[in-house]
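*Asks:* Just remember that my numbering sits 2 ahead of the position in the sequence shown, which is counted from 1.
Worth flagging that the hints you see were computed from the coordinates, not collected in a lab.
Fair warning: this is a prediction, and the values are worked out from it, not measured in the lab.
Mixed in with the good hints, there may be bad ones.
[Said to hold, decoys possible] As a list, the in silico DSSO-like pairs of lysine-lysine whose alpha-carbon atoms are at most 30 Å apart:
| no. | residue 1 | residue 2 |
| --- | --- | --- |
| 1 | 34 | 20 |
| 2 | 19 | 34 |
| 3 | 14 | 34 |
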Amino acid sequence: MQSHELLREVIKDTSAKKIAADLNLSLSLIYKWAEPPSDDAGSGANNPLDRVGQLIRATHDPR
């Protein structure tokens, strides 16, 4: 399962509007997180799960 697919499942189980409000982010950004990345013909934005993966790779520290 890819990160955007996991986030889509999470959003199904809760409210995207609540997530946006709790994180003080736009509702459209929350929905973009659940779309495939733009290089896969989607319009998705880098989501927090992708960013954590990038951080682990950049630091070589999987803690």
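*Asks:* Determine for every hint whether it applies to the structure shown.
*Replies:* Results of checking the hints against the structure:
{"no.": "1", "hint": "34 / 20", "verdict": "holds (15 Å)"}
{"no.": "2", "hint": "19 / 34", "verdict": "holds (13 Å)"}
{"no.": "3", "hint": "14 / 34", "verdict": "holds (14 Å)"}
When held up to the earlier numbered hints, the structure conflicts with none and fits them all.
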